[in-house]
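In order, the protein sequence lines correspond to chains A and B. If you use my numbering, the first sequence corresponds to residues 1 to 349, in order. If you use my numbering, the second sequence corresponds to residues 1 to 349, in order.
Think of the hints as simulated: they come from the structure by calculation, not from any bench. Careful, some of the hints might be misleading.
[Said to hold, decoys possible] Cross-link-like lysine-lysine pairs, in silico, BS3-like; alpha carbons within 27 Å at most:
id, chain 1, residue 1, chain 2, residue 2
1, A, Lys117, B, Lys259
2, B, Lys249, A, Lys117
3, A, Lys61, A, Lys117
4, B, Lys117, B, Lys259
5, B, Lys61, B, Lys249
6, A, Lys259, B, Lys117
7, A, Lys117, A, Lys249
8, A, Lys259, A, Lys61
9, A, Lys249, A, Lys259
[What the hints assert, rightly or not] Output of the computed footprint for chain A on chain B, the stretches with three or more beta carbons under 8 Å from beta carbons of chain A:
id, region
10, 102-108
11, 128-138
12, 158-165
C-beta: ideal position from N, C-alpha, C; glycine also.
Protein chains: 2
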Amino acid sequence: MTLSTTRQAPAPEILDRCRELVRPALVESVRRLHPWHAETAAFSLGWSGVDGDPVPGSQGKGVRQALAVLGAEAAGGSGRDGVTGAVAVELIHTFSLIHDDIMDGDETRRRRPTVWKAYGTGPAVLAGDALFALAVRTLAEVPGPTGTAAVGHLSGALGDLVHGQAQDLLFESRPWTGSEAVLPHEYRAMATHKTGSLLGCAAALGAVLAGAPAPVADALDRAGRHLGVAFQAVDDLLGIWGDPQITGKPVHSDLRRLKKTFPVLAALASEHPAARRLEALLTGPGPLDGAGVRRAAELVDEAGGRRAAVTEARDQLRAARSCLDGVELAEGARGDLLTLIPFLIDRTG
Amino acid sequence: MTLSTTRQAPAPEILDRCRELVRPALVESVRRLHPWHAETAAFSLGWSGVDGDPVPGSQGKGVRQALAVLGAEAAGGSGRDGVTGAVAVELIHTFSLIHDDIMDGDETRRRRPTVWKAYGTGPAVLAGDALFALAVRTLAEVPGPTGTAAVGHLSGALGDLVHGQAQDLLFESRPWTGSEAVLPHEYRAMATHKTGSLLGCAAALGAVLAGAPAPVADALDRAGRHLGVAFQAVDDLLGIWGDPQITGKPVHSDLRRLKKTFPVLAALASEHPAARRLEALLTGPGPLDGAGVRRAAELVDEAGGRRAAVTEARDQLRAARSCLDGVELAEGARGDLLTLIPFLIDRTG
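One chain only, chain A, in its complex shape:
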């Protein structure tokens, strides 16, 4: 029996395989952009430096493109069937990073300047728009009802993505406590929209392009949304306790910026006495100094915020897995998806 002796590939191998499958089409797609935008896109994708010279090895993990490829395979198709979807979601992901960095005023990403910092705000806004337009065009060119369904999935995800980003930005101006405070369930909705929609869309697009029936695409979409919340919770943990050498962000970066992250919101929502001390610290006058930020991190931990975020990530992973259990998927791809999902969460940077 071949099946029982097939070794399950480890996650980095799965990501590499999918990236290699998608890369030529992604390169070809970026070539369709105005040369100026193609250069900005190559920089943003980690393919080249500000000077346009190639920089090997600085690209992202390629989570979304992998989900699109595996979505196609899970639906019984070939990985190639998912490539157009993979290209579209990578373009959208790149667009959203470029625009999000403008909104958040972030000056570095993966230890390199962000696009607005390297090229200026105006050119960064436009480069994002160009990637957005190209993503839509890429799927609109898929002929027949498959293309129509693919555009439908992408346009739904786009709406959710900007909705989630609006929720996240508005959290910043809400208080830490009282009736206007951000509650953990609102955070979950935000992360589902902001991060989950595109992960879900990636897997669903792959399936749709491989001709999957609606229930399979929907299950993959829902799994991706849970994965998004887990992903965001881990991001929050790394933003407070991650190793700056690995994350590329300063220590306690989110606390310094007083971001409303899951561990802090969960800590404040707890009954533990440390929660009240954290509340007093965060609502005190003036910005937190270095010692204040360290103290806040301790209090978040003491009040159970760190543990709550870990639990949240695990619960969301379990929910993602159970979405996949509910539908018939090709076994190899199911195995790859089940390998990939925890790997994406079990990270240090």
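Given chain A's structure and the hints, the job is docking chain B onto it.
Coordinates of chain B only, in the frame set by chain A:
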């Protein structure tokens, strides 16, 4: 004979009729946005002030929505058939104004603060993205092959739009003279992309949604592209010689910013001795003072730049009309289109 006694409605009446037809669907569509983006969109569309209170009468002319409605009628359909297309192009137009104002650093539009000035750059970037996403979604929801064709038209126009905006931004860093100078034909290509693509898309979308055959939609698209160049040439004339009371821009606004507009490019490309004096003035050291800007405007005129822009606008209008001559269109709508086209050019603000 009804036909011979039918009075051709004047252009403002045509625009009003189309706006009234589209308005309820556009209001309904904006309501689908996150409340924050709905507020920004209502401000940008001229429906309300920064405080959210209604401001009657500050909206734009609604050129694009009118073209979509007339495109549907020209294809033998009802104006209602074009409404979804009209909504999509108005959303895209609003998105592009918001993002363009960020790129150009413009602080006012129609005598009101621009969106980034009123709400901040980050929120303006996101509000634009939300409108972009909603436009795509609006057409993606049109069922069947009609919706697919509509999304195809829009995604093509979006690609051209960002391409044209890139060309325009890059013109800024090119010299006035020498082998790197911007030539009039490059300007024409830029305006076709930047302004013409959405005007053409509007009319074509209306036709497509009314079930028009491809040659009709293509002819309307080409007509709209010519109209876009004419529109841009008139914009350039108004940016130098327009009445600030009507345009809402300071006198000689484009010359002050040393924008590469058609009248200046045409003047520099001429053999007239004033062209060389203009060249010396523009390439001289330091920015132009008030007297320098006035002198530049005189020299552009003397070298024939003003006349060339008027001729360009007229030629493009003629080309637009001849695109319409080449296809069979419903007579009433053809009359309305032929009334509207010169009206859009023959403006003072």
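Going down the list of hints, with the structure as the test:
| no. | hint | result |
| --- | --- | --- |
| 1 | Lys117/A - Lys259/B | holds, 24 Å |
| 2 | Lys249/B - Lys117/A | violated, 30 Å |
| 3 | Lys61/A - Lys117/A | holds, 23 Å |
| 4 | Lys117/B - Lys259/B | holds, 21 Å |
| 5 | Lys61/B - Lys249/B | holds, 17 Å |
| 6 | Lys259/A - Lys117/B | holds, 24 Å |
| 7 | Lys117/A - Lys249/A | holds, 16 Å |
| 8 | Lys259/A - Lys61/A | holds, 25 Å |
| 9 | Lys249/A - Lys259/A | holds, 14 Å |
| 10 | 102-108 | holds (count 4) |
| 11 | 128-138 | holds (count 8) |
| 12 | 158-165 | holds (count 6) |
Going through the hint list in order, the structure does not satisfy hint 2, though it satisfies all others.
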